[in-house]
Amino acid sequence: MDFLTILQIFDSSLRLATPLLLACLAGLFSERAGIFDIGLEGKMLAAAFLSAAVAAITGSVWLGLLAGIGASVAMSLIHGLASITFRGNQIISGVAINFLAAGLTVVISQDWFKQGGRTPQLQGGARFEPINFPGTVGSRELDGVGPLGQFYSELLSGHTILVYASLAIVALTWWILFRTRYGLRLRAVGENPAAVDTAGISVVWLRYSAVLICGVLCGIAGAYLATALQAGFVKDMTAGRGFIALAALIFAKWRPWQALYACLLFGFLQALALRPDVIEAAIGMKVQVQLLDALPYILTVVILAGLVGKADPPKAGGQPYVKEN
Amino acid sequence: MKPIPGWADVILIPLVSVLLAALCAALLVLAIDEDPVEAMKLMIDGTLFRSAGWGFMLYYTTNFIFTGLAVSIAFHAALFNIGGEGQAMLGGLGVALVCLFIPWPHWTLAILGATAGAMVFGAIWAAIPAYLQAKRGSHIVITTIMFNFIAAALLNYLLVNTLKPVGSMDPATASFPAATHLPTFQDMAGLLGFEGMFRGSPANVSFFLAIIACFVLWILIWRTRLGYQIRALGHSPSAAKYAGISPTKIIIVTMLISGGLAGMMAVNTTQGEAERLILNFTEGAGFLGIAVALMGRSHPFGVFLSALLFGFLFQGGAELGFWTSIPRELILVIQALVILFVGALDNMVRMVVGQAFHLVGYRRA
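Protein sequence lines, in the order shown, are assigned to chains Y and F. The letter at position 11 of the first sequence is residue 10 when you use numbering that gives the first Met the number 0, and the numbering goes up by one with no holes. The letter at position 29 of the second sequence is residue 28 when you use numbering that gives the first Met the number 0, and the numbering goes up by one with no holes.
No lab work stands behind these hints, which were simulated from the structure alone. It is possible that part of the hints are untrue.
[Stated by the list, open to error] According to the in silico footprint, chain Y covers these stretches of chain F (three or more CB under 8 Å from chain Y):
1) 43-54
2) 128-137
3) 153-161
4) 325-336
5) 339-345
Beta carbons: idealized from backbone N, C-alpha and C, even for Gly.
The shape of chain Y in the complex, shown without the other chains (with noise of 0.2 Å):
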C-alpha cells in the first residue's frame, strides 16, 4: 500500500466525516442545553430531501441549502413546542420526527417528481463543487509532484465549501460555548436550570434558541448529503447517520474538539468499509464490513458502560423544566 492510498482513504474519511460532524455538533447544542435529540437523523433527512427538491427545481444549491435549513428548522421546532412548550418526552418527540421525516420526505418526492421518492440528478451549479486550491495538480499528475504536494492536492485542496465550513464551526462552537455568555448560560441551562432561572434567565428562551441552531447545523448536514456527497435525494439517504452522530456525541462526551475527533474516526470507519481491499492489504486478512459498520455503536456502548472513561450527559438533559409558581 503506498502513500497516495492512504491519502485517497483519509480524503474520503473526511468526506464522510461531514456530515456525521454537523450532526454531531447540532446535537451537542441541543444536549447541552438539556433537550435530548434522537432526531438528529430525521432532520437531516428532511434538510436533505428539501434541499435537493429546491436545487432541482431553481438550479440554485444556495436556495437548496436555504430550504434545506428551514425544513430542519421546522422539524426542530416540532420538537421543542413539544419538548418545552408541553413538556413532553423529548424521546418520544425524536422517534416521531424520525418518521415523519421518513414518511414525508417519499409521499412529497413522489408527488413532486414522480421517481419513486427521489429527486432528479443534480447537475452545474444545482451542486456543491469542489473548491481547488492554487497550485493543485490533477489525478493524474500526482505522481510528479512528491508527498508533500501529494498531501495537499489530494487532502486538503479539493473539497467542497461546506466540508470546510465544518471545520470552522468546530472551533466556533468551542468559543461560544466555553468564552461566551450565551455559552456559559447554555451549559448552565442544561445542568441546572432552575439556577438559570433565579438569575432573571429565560430557560425556554435559552433552550429554543439552542433546539434552532441544532435544527439549522442539520439542516446544513442534510444538503450535504444531497447536494455535495452525492448529486440528488434517494429514499432514506441518511441512512443512520443521524445515529453514528448520536453515538460521536457520546463518544466526545459532549465537547466540540472530541466531537471532531469522534467523527474523523467514525468517518474513517466508514470510509474503510468502502475499501475492504486497503484493509487485506494493511493487516494481511479480512475484516468484515458489518464489524465495521457496528464499530461505531460498540465502540459508544464501551464508553456508555465506564470500561474506557465514564461519560456523563448533562445532568438536566432530557427532562422538562417546570417553572416553581
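Dock chain F against the given chain Y, drawing on the hints supplied.
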C-alpha cells in the same frame, strides 16, 4: 391544567389524538391532489371487506401486539425500551436456529421450541443494556438504539456468511422443514369447511399466541408480586427501594421480559410467514411498538386494540400503494403523527380536552 375524568384520560385522549393525526394525514393527502375520503374508503374496502384483507391485517396486528407489549412492560418500570427492533431481529435468529437444527415431529411442538428460542435470544439482546442501566447507569434509550444497529450488522453478517445455504445468492437461511410450518388462517378455515377464506394471506396461529401473551401480561402486571414491584419502581424508585425492592433486579427482569416479547414477534414473521430467516424482516415493527404502547396506555387490552388499528393502517396503506399514486410511506406519516399527539404532545391534547370539560362544568370530585 384543568382536571379531566379518569375515563376520558384512558379513552378520550387517545381517540382525540388519533383523530388529530387522521386530520393531518387527510390534509396531506389533499395537498398531493388525492381525495382523502376516497382513500379512506379504499383502505376500508381492501382491509375489512375481504377475508384476505383481514388475514393481512391480523398478521401485522400479531407483530404489533408483541412489540407493543414489549414497550409497555418496560414503560411500567419507567424504562424506555427503544430496542424492540434489534431484540426482534435476535428473536428471528433464535427461531431460525431452533427450526433449522432441531428435527421437530410436528408444528405444535415446533412453535413451543421456536417461542422459547425467540424469547431467549430477544431477552439476551435486552440483557446487556439492562445490566448497563441497572449497574452502571448508562442511559437505556441510547444503549438500546446502539444495540439495534449492532443487531442489524450481526444478522447481516450471519446471513451473508454463515447461515446462507451453499450456492445461494440470497442473504437468507434455507427454508425451514415442512414439519415446522405453522397453520395459516387459510388452512384453519379450510378445516372448518370455509374453503378459500383468507386466501394467500399470512395470518397464522401465532395470532393466538399474541392473544395469550396479552392475557399473561395482564396477569403479570396487575395480579402478581413481580408486577407490583415493577409498577412500584416505575412510579417511585425511592419508595420502591425503601420497600425493599431491588431496582437492579427489577430493571433486569423487566427488560428480559420486554426483550423476550419483542423476540416473539419472529415466531409470526419468520416461522409463520417467511418460513426462513431473511434480512430486514422486522420492517420497523419494533419501533411501531412505541406507538402501539403509547396509544394503548401500556395496558395489554389497549395494546391489543391499538395493534388492531395499526394492523388496519398497514394493510390499508399497502392497498393505497397498490391502487393509487399515494405511496405507502403515508403510513409512516400517520404513525409519526400518532406518536407525536399521543406521546410527545400529550400535554397539549390534555389541555384542550381539560378545557372542554371545564367549559361543560366538570370539576374534580
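Query raised in the report: In ascending order, which of the hints set out earlier in this document are inconsistent with the structure?
Result: 1
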